[in-house]
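Asks: This is what each chain is made of:
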Amino acid sequence: MKTYRKELWFETRRRREFLNVTPEVERCLAESGIREGLALVNAMHITASVFINDDEPGLHGDLEAWLERLAPEKPHAQYAHNTGEDNADAHLKRTVMGREVVVAVTGGRLDFGPWEQIFYGEFDGRRRKRVLVKIIGE
Amino acid sequence: MKTYRKELWFETRRRREFLNVTPEVERCLAESGIREGLALVNAMHITASVFINDDEPGLHGDLEAWLERLAPEKPHAQYAHNTGEDNADAHLKRTVMGREVVVAVTGGRLDFGPWEQIFYGEFDGRRRKRVLVKIIGE
Amino acid sequence: MKTYRKELWFETRRRREFLNVTPEVERCLAESGIREGLALVNAMHITASVFINDDEPGLHGDLEAWLERLAPEKPHAQYAHNTGEDNADAHLKRTVMGREVVVAVTGGRLDFGPWEQIFYGEFDGRRRKRVLVKIIGE
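Chains S, P and D, in that order, are what the protein sequence lines are.
Just so we're aligned: the first sequence equals residues 0 to 137 in numbering that gives the first Met the number 0.
Just so we're aligned: the second sequence equals residues 0 to 137 in numbering that gives the first Met the number 0.
Just so we're aligned: the third sequence equals residues 0 to 137 in numbering that gives the first Met the number 0.
Since the hints were made in silico from the structure, they are not lab data.
Be aware that a few hints might be false.
Since the list can't tell identical chains apart, any single copy or any two copies may satisfy a pair.
Derived pair list, reagent style DMTMM-like, types lysine to aspartate or glutamate, alpha-carbon separation capped at 20 Å [claimed, not checked]:
1) K73 with E23
2) K128 with D110
3) K5 with E67
4) K128 with E84
5) K5 with E30
6) K128 with E23
7) K73 with E63
8) K1 with E67
9) K73 with D85
10) K1 with E25
11) K128 with E35
12) K5 with E84
13) K73 with E84
14) K128 with D85
15) K1 with D85
16) K73 with D54
17) K5 with D85
18) K5 with E35
19) K73 with E137
20) K128 with E16
21) K1 with E55
22) K1 with D54
23) K5 with E137
Kindly generate the complete structure, drawing on both the sequences and the hints.
Replies: Written out as structure tokens, the structure is:
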């Protein structure tokens with residue numbers, strides 16, 4: 000069995016942002032030399048997500064508006080967590096979007112359907128944060 | 000290490016539908032010959048889910064009503080994604096329900112609690128779509 | 000390849016409760032002797048979750064209030080599932096919070112960011128329920 004590990008670092012300019020990280024994960028997979036197995040990609044921070052969806056700006060706007068409706072950022076004081084912090088909403092938004100994805104590796108490639116792309120979902124950005132890529136297989 | 004891969008194809012008659020795919024996944028596992036490991040089951044489409052819950056029709060009706068409240072289909076024009084498309088709500092519903100499940104394989108069986116069943120959750124159906132089963136182990 | 004399996008049992012005093020199970024999972028990992036691989040931790044019941052977030056009581060209160068807003072317990076009769084049962088809301092809450100987490104194992108440790116902790120999320124407690132820990136690797 001082979002294993003591979005890499006941290007990807009991101010710093011978004013805005014508080015909330017979606018970044019397509021598929022190319023970086025594909026580079027990790029190529030570097031790993033693994034052809035059959037599973038790839039785990041997860042946010043290492045609890046106010047960020049890794050998720051799979053469409054790379055379509057309209058949809059990303061819809062996701063932003065929808066998450067803000069389900070778990071509004073403001074007023075900050077509505078959350079017990081926000082004493083000295085202001086990011087309780089980011090914890091909730093990340094919960095909706097998920098921490099991680101597990102992707103099949105087949106023939107040395109991410110085994111994806113036609114529109115699947117991996118995104119880093121940042122909900123409390125403007126600082127350096129990490130995503131972990133761990134691949135196991137052979 | 001052994002690996003196994005199979006695509007399961009579905010075409011629902013209704014736009015939204017839940018299908019119990021546990022028997023198909025069990026058949027994959029038997030075919031794989033793997034006795035200890037992990038099974039990944041994921042939607043290959045971004046408007047569908049794979050999730051684990053109860054096979055109880057009342058609950059499935061509750062899930063349908065609840066998802067429709069959290070992310071209503073109509074009016075279609077409420078979503079920026081719906082220009083030429085009408086399935087933005089399906090992307091959001093699938094986000095709530097999740098893309099994938101990872102199930103332990105123990106002694107050649109899906110290592111489940113008493114009521115766990117795997118479902119394909121379709122949110123934009125009436126066309127052929129796929130689920131990926133990838134099993135690794137030995 | 001090595002594999003390891005253990006069931007963790009919990010019985011909460013309240014209907015809903017969050018328990019930090021990171022130490023138990025770390026003990027499982029030590030017991031497994033696995034140094035590189037993947038650890039799956041999942042609820043074996045469909046009215047409970049395993050999730051990763053912050054061990055901060057204010058946030059846990061926010062999560063409780065937020066889940067109760069997204070999927071209120073009462074009136075019980077609002078759910079079709081609640082005929083002879085009263086836990087439909089628990090199925091929905093668990094859906095938001097997720098069934099499972101997959102954690103990278105690196106150098107014999109759970110490969111976590113600074114604040115990541117694993118929680119058992121109980122939404123229909125006051126009875127004995129189980130979490131499965133399955134670790135594969137070498």
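Asks: Can you give the numbers of the hints that this structure goes against, from lowest to highest?
Replies: 1, 3, 8, 11, 12, 15, 16, 17, 19, 21, 22
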